[in-house]
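Peer 1: What follows is each chain in one-letter form.
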Amino acid sequence: MNPEEPKDAAEDLGDECWLDDALARYSSAAPRPGLERRILAGIEAHATQLQRRWVYAFAGAAAVVVFAIVIANVVSSRPNASTNQTSRTLPSLTSSSNGEKKVGARMPKTSGHGRLATAQQNVTSGRTVLAAADVKQEQSPVDKPLFVRKQSSSQTGFNQSSSQTRESIIAQEHPAPEIYVSDLKTIQPLEVRELAPVKEIN
Amino acid sequence: MYLPEQVILSRTMAAHSQAEQMEAVVRQHARFVYQVAYAVLRHPQEAEEAAQETFIRVWKHAKELAGILNQRAWLARIAWRVACDRRRKYPAIATNEDLPELPAVGIGADESAIRNQQLALLERMIATLPRELRETLTLSTVEEMTSVEIAEVLDIPESSVRVRLLRARQLLREKVQVLTKRKQKDGVET
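Protein sequence lines correspond, in order, to chains A and B. Count the first sequence with our numbering and you get residues 1 to 202, in order. Count the second sequence with our numbering and you get residues 1001 to 1190, in order.
It should be emphasised that the hints constitute simulated quantities derived from the structure, not laboratory data. Using N, Cα and C, we set each Cβ at its ideal position, and we do this for glycine too. Worth double-checking, as some hints may not be accurate.
[As the list claims (entries may be wrong)] Below, computed lysine to any residue pairings styled on SDA-like, alpha-carbon distance capped at 25 angstroms:
id	chain 1	residue 1	chain 2	residue 2
1	B	Lys-1063	A	Leu-23
2	B	Lys-1089	A	Gln-49
3	B	Lys-1089	B	Ser-1017
4	B	Lys-1181	A	Leu-35
5	B	Lys-1185	A	Leu-13
6	B	Lys-1063	A	Arg-37
7	B	Lys-1183	A	Asp-12
8	B	Lys-1060	A	Leu-23
9	B	Lys-1089	A	Leu-35
10	B	Lys-1060	A	Arg-53
11	B	Lys-1063	A	Arg-53
12	B	Lys-1060	A	Arg-37
13	B	Lys-1060	B	Glu-1123
14	B	Lys-1063	A	Leu-13
15	B	Lys-1181	A	Leu-23
16	B	Lys-1060	A	Val-55
17	B	Lys-1181	A	Leu-13
18	B	Lys-1181	A	Val-55
19	B	Lys-1060	A	Leu-19
[Claimed, not checked] Over 12 angstroms on every C-beta distance to chain B, these chain A residues come out as not near it, computed from the model:
id	residue
20	Trp-18
21	Ser-27
22	Ala-30
23	Leu-35
24	Ala-41
25	His-46
26	Ala-61
27	Ala-72
28	Pro-189
[Said to hold, decoys possible] One side only, chain B facing chain A, incomplete, derived with CB under 8 angstroms:
id	residue
29	Glu-1023
30	Phe-1032
31	Arg-1057
32	His-1061
33	Lys-1063
34	Ala-1113
35	Asn-1116
36	Arg-1173
37	Val-1176
38	Gln-1177
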């Protein structure tokens, strides 16, 4: 028997005991007193925080919904306003008494009948009132509209009768507005002056 | 909306009983949960916070609490996971060595110093073990934790727990023997 064997066994036993003792104390840490109370308080605080978070979330969602409703109302009311505006600005189709359709902006009521009345007054006062067709025939080349003048100047070489027929067709298609000589006389010619060059201040 | 009195009463009682149940669980297992967390984190403050987090998680699943057969193992598993997560998040957790030691009550200064040295040595030796062995051994050191509970926490068979524990203890014993022999050798030389 080896004399060192019991010694080794004792050492092993000692090491084993040391290990057991150390392992037993390894995780035997005692918490600070009142751990349960702190944990319960923590849970309660967490619960209230969660509840508050829900309240905030609900309030936020409600605010978003209200905002969305307001935006939707604003957006839905805007197209109506724009359509109203366009109906006001767009020219209206009016049918005249003789069946022709005229396109033009709505004028004040007095304009049509008023002009008729003034024309009648003019006739009675002895002043010469010319119908639009008469004016077109008797007008001097200066009084004619620019496009008519151009046409007439360019068509001098062509057949006179063909130009007349074309004019009559155009006149039928686009009846010229009633123009009064008295109205034309009131128009003052514009004086165009050449602007003086801007002097430098410095 | 009108609720019948019985429904209101039953709801109130259920909420009340749930709170009571939760309080009972906290009072019964708080210390155990703390020790599981401490076994992983090795820091009192961190272990307490981990225990707190564990019970908050339990509170979130308070309805399931009544249906759980082994509450200890269930709690240990949650605490283990929480502690492991915390250790992963904050790897540089201060150890006990960083904190001032309070004098132990009832034991002498020499004995206290020896015990602290012993613990520090054991910690260092456990740290050198492979992860599977280390985890199993750490959980086995927690007070009254059975191999069945350890198996449930680590999600491994109980036989594996026993094998791992044996292997871990064997390795530790070898390390202790090496240290003892080295000490004896140093004593003979001096």
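Peer 1: Confirm or reject each hint.
Peer 2: Hint check:
no.	hint	result
1	B:Lys-1063 x A:Leu-23	violated (37 angstroms)
2	B:Lys-1089 x A:Gln-49	holds (24 angstroms)
3	B:Lys-1089 x B:Ser-1017	violated (35 angstroms)
4	B:Lys-1181 x A:Leu-35	violated (43 angstroms)
5	B:Lys-1185 x A:Leu-13	holds (19 angstroms)
6	B:Lys-1063 x A:Arg-37	holds (22 angstroms)
7	B:Lys-1183 x A:Asp-12	holds (15 angstroms)
8	B:Lys-1060 x A:Leu-23	violated (34 angstroms)
9	B:Lys-1089 x A:Leu-35	holds (24 angstroms)
10	B:Lys-1060 x A:Arg-53	holds (15 angstroms)
11	B:Lys-1063 x A:Arg-53	holds (21 angstroms)
12	B:Lys-1060 x A:Arg-37	holds (18 angstroms)
13	B:Lys-1060 x B:Glu-1123	violated (34 angstroms)
14	B:Lys-1063 x A:Leu-13	violated (50 angstroms)
15	B:Lys-1181 x A:Leu-23	holds (21 angstroms)
16	B:Lys-1060 x A:Val-55	holds (18 angstroms)
17	B:Lys-1181 x A:Leu-13	holds (14 angstroms)
18	B:Lys-1181 x A:Val-55	violated (67 angstroms)
19	B:Lys-1060 x A:Leu-19	violated (40 angstroms)
20	Trp-18	violated (6 angstroms)
21	Ser-27	violated (4 angstroms)
22	Ala-30	violated (8 angstroms)
23	Leu-35	violated (5 angstroms)
24	Ala-41	violated (9 angstroms)
25	His-46	violated (5 angstroms)
26	Ala-61	holds (20 angstroms)
27	Ala-72	holds (29 angstroms)
28	Pro-189	holds (85 angstroms)
29	Glu-1023	holds (6 angstroms)
30	Phe-1032	violated (10 angstroms)
31	Arg-1057	violated (10 angstroms)
32	His-1061	violated (13 angstroms)
33	Lys-1063	violated (14 angstroms)
34	Ala-1113	violated (14 angstroms)
35	Asn-1116	violated (10 angstroms)
36	Arg-1173	holds (6 angstroms)
37	Val-1176	holds (5 angstroms)
38	Gln-1177	holds (6 angstroms)
The earlier numbered hints that this structure contradicts are 1, 3, 4, 8, 13, 14, 18, 19, 20, 21, 22, 23, 24, 25, 30, 31, 32, 33, 34 and 35.
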